[in-house]
Each structure stands twice: as structure tokens, then as C-alpha cells.
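The listed protein sequences derive, respectively, from chains V and U. Counted the way our numbering counts, the first sequence spans residues 66 to 338. Counted the way our numbering counts, the second sequence spans residues 259 to 511.
All the pointers check out, no bait thrown in.
From the derived model, a few chain U residues whose C-beta atoms are all more than 10 angstroms from chain V: (1) 322; (2) 333; (3) 339; (4) 354; (5) 361; (6) 370; (7) 374; (8) 395; (9) 403; (10) 406; (11) 413; (12) 427; (13) 428; (14) 449; (15) 488.
Coverage of chain V stretches by chain U, computed from C-beta distances (three or more under 8 angstroms per stretch; other residues unrestricted): (16) 127 to 137; (17) 140 to 154; (18) 175 to 185; (19) 267 to 274.
Derived coverage of chain V by chain U (criterion: at least 3 residues anywhere in the stretch with Cβ under 8 angstroms from a Cβ of chain U; other residues may be distant): (20) 157 to 171; (21) 279 to 286.
No lab work stands behind these hints: they were computed from the structure. Glycine is no exception: its CB is placed at the ideal position from the N, C-alpha and C atoms.
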Amino acid sequence: MTEASLSASPDSAIPVAVPPSAPPSAPLPAANAPGTPIYRHRLTTRIWHWVNVVTIFIMIGSGLTILNAHPHLYWGEFGANPDHPWFNTPHAPSYLTIPAGYNLALARRWHLTFALVFAFGLLFFMISSVLNAHFQKDLRIRLKELAPAHLWFDAKEHAALRFHDPKNPNARNIFQKLAYVAAIFVLIPAMIVSGLALSPTMSAAWPWVLDIVGGRASARSVHFLAASGLVIFIIVHVVLVILAGAFGEVKSMITGWWTVPDDHGAPTQEHGA
Amino acid sequence: MSGIITRRAVLTTGALGAGALLSGCDKFQNGAATRPILFAGEQINYGLARALTNRDSLAKEYRPDQMSPLFRVNGTANPNTPTYNAMVAEKFANWRLKVGGLVNRPLDISHQQLLAMPARTQITRHDCVEGWSAIGKWHGPMLGTILKAADVRTTARYVVFTCADLYSGHNYYESIDLIDAFHPQTILAWAMNDAILSVAHGAPIRLRVERQLGYKNAKYVMQIDAVDSLSKIGKGKGGYWEDAIDYDWYAGI
Numbered sequence: 066m067t068e069a070s071l072s073a074s075p076d077s078a079i080p081v082a083v084p085p086s087a088p089p090s091a092p093l094p095a096a097n098a099p100g101t102p103i104y105r106h107r108l109t110t111r112i113w114h115w116v117n118v119v120t121i122f123i124m125i126g127s128g129l130t131i132l133n134a135h136p137h138l139y140w141g142e143f144g145a146n147p148d149h150p151w152f153n154t155p156h157a158p159s160y161l162t163i164p165a166g167y168n169l170a171l172a173r174r175w176h177l178t179f180a181l182v183f184a185f186g187l188l189f190f191m192i193s194s195v196l197n198a199h200f201q202k203d204l205r206i207r208l209k210e211l212a213p214a215h216l217w218f219d220a221k222e223h224a225a226l227r228f229h230d231p232k233n234p235n236a237r238n239i240f241q242k243l244a245y246v247a248a249i250f251v252l253i254p255a256m257i258v259s260g261l262a263l264s265p266t267m268s269a270a271w272p273w274v275l276d277i278v279g280g281r282a283s284a285r286s287v288h289f290l291a292a293s294g295l296v297i298f299i300i301v302h303v304v305l306v307i308l309a310g311a312f313g314e315v316k317s318m319i320t321g322w323w324t325v326p327d328d329h330g331a332p333t334q335e336h337g338a
Numbered sequence: 259m260s261g262i263i264t265r266r267a268v269l270t271t272g273a274l275g276a277g278a279l280l281s282g283c284d285k286f287q288n289g290a291a292t293r294p295i296l297f298a299g300e301q302i303n304y305g306l307a308r309a310l311t312n313r314d315s316l317a318k319e320y321r322p323d324q325m326s327p328l329f330r331v332n333g334t335a336n337p338n339t340p341t342y343n344a345m346v347a348e349k350f351a352n353w354r355l356k357v358g359g360l361v362n363r364p365l366d367i368s369h370q371q372l373l374a375m376p377a378r379t380q381i382t383r384h385d386c387v388e389g390w391s392a393i394g395k396w397h398g399p400m401l402g403t404i405l406k407a408a409d410v411r412t413t414a415r416y417v418v419f420t421c422a423d424l425y426s427g428h429n430y431y432e433s434i435d436l437i438d439a440f441h442p443q444t445i446l447a448w449a450m451n452d453a454i455l456s457v458a459h460g461a462p463i464r465l466r467v468e469r470q471l472g473y474k475n476a477k478y479v480m481q482i483d484a485v486d487s488l489s490k491i492g493k494g495k496g497g498y499w500e501d502a503i504d505y506d507w508y509a510g511i
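Chain V with its partners taken away, still in its complex shape (with noise of 0.2 angstroms):
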């Protein structure tokens, strides 16, 4: 990789915070100049990228079925056709669904299988993130940054379509912290939590499972949500990969190199002051 050797190594491409203190009109670092490359993921974090590309595309098929089989939701310990449901789900069509005809058996299969891929895979990528301190370097949310006023910068700068802070390009900007800080910590565990329930076995064996979301019927109400909010953070998350660039997103995604984009002059983060 010619662009690598241009670079500086990875450890020295961690973004550094950005004093306060310094002035908006400081010269832009030669290290986070436009076209400058970074290394920006680590293998873990590719290798579970690529394998929840697949994993989550076959669990929300394969769930897709499943929701077919008993298309109405309800809150409690219990549920069934006598009872009253809150909701009844839309049937999903077969071009959207594993398998593509009805097939309870085989979808459960596809489920069950990667549903061990999914939640063991959420395990290896927090215990690696948390060793190779991914975690605390680029996901922290700092006070400062959840300030009205830094959260409207932002949504101003996302208007614009300038999505990296010039000054710190590799640094995660706080809708991204946000929304992944959603994905790891709220949405994979309650779809692992509340899938746990659903297990007459596990939910023996763990009752906090069952305790946590407030019996079996909320269990897969739960699921239901917590996979609708994910399906909702991959549509953002692919339109915001392709605003944003796709080429060089899905390149560094793969190499983990990372070129600082060139942003049409974005303004610095002066609210920082």
C-alpha cells in the first residue's frame, strides 16, 4: 500500500484533541490536510463491520418470516390470538424475507444459527474495542459536545454536507458517536436481551431476561422495536456513507485507510472556544 507509507503510523493518527483554546484561525495541521491518509479502522472493528453486513441482512430476513407467523405484538407475560395485540404487523412480502416462500422451520434455522454469529460477535468486537481503547478514544461523548449549541454546529455542518471537523478530521462527530453509541450499547444488546427471552430455556435458566422487559410477549414486542431501530440506523448509516463519499467510506471500511476528504472549506468548530 503505497499511501500508507506517506502516513503516519497508526498509533499517531489517533486524533488528539484540539485545545480550546486555540485560535479559529490556527493553519490546518500538514497531518489533517484534504488528501491526507488516515488510518481510521482497526481490523476488529473491520472484520465485525463486514461480518454484521451479512449477519444482520440474514436475521432481519429470517426474522421477517418468523414475524409472519404470528404477525401481532403485544406487552406482557403472554399473547395470543384471544388477547389484545398493540400492534399488527404488516405482512412481509416474500422478496424481502429468508426464506423467500413461508418456511417457519428453515427460517428459524437461518435465525437461531446466526443469532449465535450476532450476539458472540458484539462480544468479540466490545472486549477488542475496549482493549485497543476504540471505545474510549473515538466513541467517549464529552459534556461539551452534547452543549445546544456544539449539537446545532453540527446539524448545520451535516446540512451542508461537511461531516469531518477540519481541524480533527478523524475525529467522530457527535451525531456519529450518538448513533453508534445507540447501535453497540442500546440496540444489538436489547435485540440480544430480549431474543434471550424468547428462549423457554434461557429464560429458565437467566429470569433476569424475562425480568428486564417485562415478560415474554413485551420480550418479542422488544425485538421488534430494538430491530426496527437498527434497520432505521442502516438506512442513515448508507445514505450518510454515500453523501459522504462512498468510494473512500467503503475503501477505508476494507483497508482501514482513510483519506481526509476535502470538505469545501468548512468553517472550524469555533463554539469550542
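Position chain U against the provided structure of chain V, taking the given hints into account.
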């Protein structure tokens, strides 16, 4: 603008890829290549469940006020065979439960004997493979009591249930391992919701195996056999739905 070309290329590639994926899907999803993986998944889940959880853990039991107002009937609502109808007409007075296979003391238990046995009462949740659940109250002797009386041989690994209802002309059958068979909540229920078990819910007895899905909870049980292998039962997978349409034999997930 190279960026725009790139995006177009990516989108085109994506669309072509999705098309190829969809057209290849059915073959892939149902094909011989994926089946070993999917069937291995069941074995991994079964092994993990047994390895990671307490084998004696009890399924949640509920208060009477948590019961389903109406417990829906599913599967066979009435076997409606001449033999079964005759048993219903005489209120199962001549029904007998046969316990055999790999046991040292084969049993032939009368209806009166079964009802006189020490019984367990449990308010538990029935989880159907389709996704619905209902809570009901079940009452009957523990299967373990009966298996101990029959003195199951050490070579036995599974317990097979043969039922009075017919599917495609054959008696419904199911099987469980000895861990679930001797589990304290595994009972042969002859009463449900404080009434004698109705025909719709499996009279005269229905297996309750509380840590597995509904289709393992066989209704209309007529015969129980201890076996060392499931290969000679039905088509070899241990249960009617397992043989007919590939449902998991291990339905604890």
C-alpha cells in the same frame, strides 16, 4: 467529478449485486450447501444451552391472576378416530398408559392409577413456535416419577411419546432428552385450569415440558418409550414436525 462517478459506480454495483443475490437466494437458502450449517446451528445451540445453563433451572411460574383469560387451542383439536372417540365416550375408563422401551419394569398404568399418583400443580407459560404465548395452570404427576417406577436402563438417552392424534395417517410423536424428562416441571397433565383436561387440550394427558416450545408438549399421549437413539423413530429426527418440515428437535430456543 470523480466523486459522482464513484457514487454511481457503487450504486450500480450495489443494484447488480442485490439482483444477483435475490435470484440466487432461494437456491442458497434452501440448498444442500447451507443445510449442514443450519442444522449444525441447532446442535451448537443445544450444546450451549446445556453447557451454559443450570440443567435443573425452573421455568417461571405465575400467579393465578397472571393467567391467560382464554387459552387458545392449537394443533389437533380432536383426534376424532373411532378408537379415540370410544375412549372419550367411556371417559377414558379403559385408557391405559404404556411405558416401555429400555426400561427394566414396563408399566401399564390405568387412568385411575394415574389420577391417584402424587401430582404437581404449576402455572406456566406455553410458547408456540409461531410466537404467541399463553399462561395456564397444569396438574399431573411428574414424568420422572413414572420413569423411576419403570426403572429406565442406563443405555437410554431419550424418551419418546406416541399420541392418539393422527398426522398424515400416523400417530403424532415427539421426544425429549433425559434431562428434560426428569426435570421436576415435566409432568403428564391430566387437569388444566382446575378442570379435567379437555379433548381440545389433549385429554386424557398432555406432556408439559416447560423449557421447550409448544410442539414438544405432546397431547393425547398413549405410550412412552425409553430409547437409546432416535434413528428408528419416524424418519429419524425424533418428532413429527421435525421429520415432516425440519423443525428443530431441540426446541428450547
